[in-house]
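Just need the whole structure built from these sequences, with the hints factored in.
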Amino acid sequence: MNLHEYQAKEILAKYGIPVPPGKIAFTADEAKQIASEYGDLVVIKAQVHTGGRGKAGGVKLARTPEEAREKAAQILGLNINGFITKKVLVAKGLHIAKEYYAGMILDRVSQRVVLMLSKEGGVDIEEVAAARPQALIKYPIDPHKGLRPFEARELVKRAGMEGNLNKLADVLVKLYQAYVGIDASTAEINPLVITDSGEVVAADAKIVLDDNALYRHPDLTPLREFEAEHPLEVEASNYGFSYVKLDGNIGVIGNGAGLVMYTLDLVQRCGGKAANFLDIGGGAKADIVYNALKVVLKDPDVKGVFINIFGGITRADEVAKGVIRALDEGLLTKPVAMRVAGTAEEEAKALLQGRPVYMYPTSVEAAKAIISMTGGTK
Amino acid sequence: MSILVNKDTQVIVQGITGREGAFHTEAMMKAGTKVVAGVTPGKGGQTMLGVPVYDTVKEATNHHRVDASIIFVPAPAAADAALEAAHAGVPLVVLITEGIPTLDMVKAVAEIKAMQNVRLIGGNCPGLITPEECKLGIMPASVFKKGRVGLISRSGTVTYETAKALSDAGYGISTCIGIGGDPIIGTTFKDLLPLFNEDPETHAVVLCGEIGGSDEEDAAAYVKEHMKKPVVGFIGGRSAPKGKKMGHAGAIIMGSVGTPESKLAAFAEANIPVADTIDDIVELVRARLG
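Going down the list, the sequences are from chains A and B. According to my numbering, the residues represented by the first sequence are 1 to 378, in order. According to my numbering, the residues represented by the second sequence are 1 to 290, in order.
No wet-lab data here; the hints were simulated from the structure. Among the clues, some could well be false.
Unchecked claim - Capping the alpha-carbon separation at 30 Å, the derived lysine-lysine pairs in DSSO-like fashion look like this:
no.: 1; chain 1: B; residue 1: Lys242; chain 2: A; residue 2: Lys55
no.: 2; chain 1: A; residue 1: Lys321; chain 2: B; residue 2: Lys30
no.: 3; chain 1: B; residue 1: Lys43; chain 2: B; residue 2: Lys58
Okay, here's the thing in structure tokens:
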């Protein structure tokens, strides 16, 4: 689950990391009001779940309350990578001397949380990592010992960061405490600012939470914003499906993440484009298949549906029953190509005999058929 | 021969009294697995499917020779269950549970890796099977025929399809391991390749990888240096967009890490042919084994 910058900063502040004062505004007038409270330079930042806000014009400075109102009016409603800006963070401006980077992510190779540190902050860290890998320090943290202050101090020195050593190290130690405390999967401060007066401040923050651990954090669960996600992704998650909206026109339903990924690959290989990823999971019954069809067919981009099932624990005849229910209720307004194999395959074929659903013996044939039924290759 | 499990492997089931645990214990028994006991804290003393249930793994190992444990414990308690089995001296621990908090796995994997003689497989995996001898997992045993191809996969259903295709083509499976779709797992491709390399009944190995992480690249490096047997590769998720999690928590492309291009290049470098479809896997195996 992605958090907004202001939510991430609230968490960091709770763990003792200094952040600039800031408040959320939903209207330009609210932004003006907040700016007049601070009475100084403010920065107005779009709160959307996507990167590249600065480049898209979603971050602006304002020197007066009136200017804050104007800038907020420009940012509110702005479309940034498909996300409409509905609120802005109005934060007290900082007098920046230096901009650094500090981040923690889960690293699959070391199988640990890795601290990343660079004195080249305030820019896209992936670009720094690609252009000058030596400018980014990576340090795997022992999960049983945590990040100790002495390690943090050594890392600050190694990164060549200037400024108050103890304050910088303290931010890193607290960032790790926050990471573990909230079960994050990513926690980044970029930039970590040294101000003219020598203060160390998290000027921007990004936190992604581990969905598997959300049950341990009932206080964080309400931070999820359904309107910031694709409505079909929200609906699918209410049914317990793993669903990802994609940009093609063939709806894909399958059982098992690996098989669904493979099905998307096949559709592309055969010249088509999938409209979604939808995994009904293991052991799905008829009603689950019916709900999956409902979600997929709600997508106006979908011109046809490809159901790819390998029966293991999932019984193919249950899948067939779900399809039949959708047929009987008149839900299937678009062509459906199916391939079922494995457990109860013969029963499924018998159930679907004479029904207006196209059955194919192999995944490749089903992929080719649904592509031609939905307007051919592009 | 086979790797990790065979007809003599004695198994305990942690979480045997739960719905999933009971269902799959019965299926494993039907497939010939020697399940000797179950463990559910607080339910010790009961009998389940004809085997005794203990409160702790320690009690189970006191009463039985335990070669392996399979875990169906719910996610919040799953990493703890794996540690319990490891500390009781169970040499092979298979963690089926999905949705385990990632930081629980970071700790558990670090602790178990530091122990000698314990191998953890999973979590979020379908388990492993030596067909017609021992099923330590949730896969449909009927699609696996005994044979000579070793199969390692990050996915479930793709594994079953591949196993069925190889079985139908007459090659069959020596041992198949689903290592799991999570970012932090106990055993990776490169941990298993040396075992297949030394197993006389395995004549070829199929690696079913997918996008995300760099396990496939590490495996390719091992194959290039050490592998004496033909290896055939497959990469799932080649059409996936960057930054989106495709069902498996581990299947996500971050920057330039985890891309299909990187994996395909590593396989090419190690002379591992890559199948575009599951049917092609069989053809590539046929080209190498005849």
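Of the numbered hints stated previously, which ones are contradicted by the structure, given in increasing order?
-> Of the numbered hints given earlier, the structure breaks none, since each of them holds.
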